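Colleague: Below are the chains, spelled out letter by letter.
Number of protein chains: 2
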Amino acid sequence: MIDNINPADIEKRSFEIISELLGAKELDPQNAPVVKRVIHTTADFDYADNLVFSEDAVAKGLAALRAGCDIVTDTQMAKAGINKTILARLGGTVHCFMSDPDVAAEAKKRGITRAFVSMEKAAAIGKPCIFAIGNAPTALIALYDLIKSGKTAPALVIGVPVGFVNVIESKELILNMNSHAGDQTDDSVNERSGAKTDIPYIVAKGRKGGSNVAAAICNALLYQITR
Amino acid sequence: MIDNINPADIEKRSFEIISELLGAKELDPQNAPVVKRVIHTTADFDYADNLVFSEDAVAKGLAALRAGCDIVTDTQMAKAGINKTILARLGGTVHCFMSDPDVAAEAKKRGITRAFVSMEKAAAIGKPCIFAIGNAPTALIALYDLIKSGKTAPALVIGVPVGFVNVIESKELILNMNSHAGDQTDDSVNERSGAKTDIPYIVAKGRKGGSNVAAAICNALLYQITR
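Chains as they are written, first to last, in our numbering: chain Y, 156 to 382; chain X, 156 to 382.
Chain Y extracted, bound-state conformation (with noise of 0.2 Å):
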């Protein structure tokens, strides 16, 4: 039976569903309302217990978000799906280079990946940025080296690429991106490992996640501003 709802309570209703479905899992009070939004996105509950925050990450976003930060994605469906008009009043704007012509014609020139030349352009961009890799864990893995080598310092990392090759690998260096060098036991990790970093991260570990992931996290974070 199709419910009668006013198209603008759906959300509103739709939130409390999920509050119950969730029954006594305990959330972070300060995460609570991204899981929420990315449950809301995709449905799947998996969430739940999949997703990852830095100490403070959240607050550490909604700061940069305040003090008009940029957001760099890896596919045009998150950047279409990133709420640009509460970016833009923030002061900020959504870049993805991945299918740029110039990106394109450098990976070609260098032997190297569309993805790799698409993180170098955004760590030039020269303002705070939120990087939200929802696709490629080839880009996640690009900026975790330009993170390393001290070329680039996000506001946040939101790590979210999809998939079966390198996906759960990019995502365990980004979790263990800030730790001591004693600390690390994968060798992916300790060939990499650089200078010692605090970037916030949110991160949904395994397999999971996509580009509608991580516009939704994002999108948490802007509703949290200004709705």
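Derived from the structure by calculation, the hints contain no laboratory data. It is possible that part of the hints are untrue.
Pairs involving identical chains hold if they fit within one copy or between any two copies, as the list cannot separate such chains.
Claimed, not checked - With a Cα cut of at most 30 Å, we get these calculated DSSO-like pairs of lysine-lysine: (1) Lys239 x Lys264; (2) Lys167 x Lys264; (3) Lys351 x Lys239; (4) Lys180 x Lys215; (5) Lys167 x Lys276; (6) Lys360 x Lys180.
Please read all numbers here as calculations on a predicted model, not as lab measurements.
Put chain X on the given structure of chain Y with help from the hints.
Modeller: Relative to chain Y, chain X alone:
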């Protein structure tokens, strides 16, 4: 450990892993490429069970795309995710009318949803269309009403809205669309039953779906034609 796989081979390897993980699960060979691409997009194996195909839905969708049909979506995200290069080569284009100013004005004037008006606008396109609904159950319900009142006859309905209010019910409408009136047991279907239809559909039963799933299904069809 990061796998130094050639980026061009990642998708191939991903599909091999998906096939391995599906194990003994039997998929209809016609539908398997669609199911696997949705899993590739979400890393969510629930779609191996959730996706319901009407008889020859894939063959009918492929025939429509080969004949140059357009695709109508309900979000800019799905529009961004659909491979428009391949679609254009076949003679088609993607439409999303949800944020058109005339749609907003008309909805306000008549006191109805933008989703309804955008589906009316799509029904008036005047060439065969695949409707790929990944977000708004209201759009799918509007489409159902337009089909039942004879105002549109989609080449294929991709019904994969996501969420917690009216989502399951909107999909049930499409799943029961082609049944004889006597087969219908749900009140909401009886209320709305009109002319007998024979419209092919691909529906994600239950709450799950999304713009990414809608785009993945479109691309799974497009890639069968030209890759």
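Colleague: Hint compliance check: list the failing hint numbers for this structure, sorted ascending.
Modeller: Violated hint: only 3; rest satisfied.
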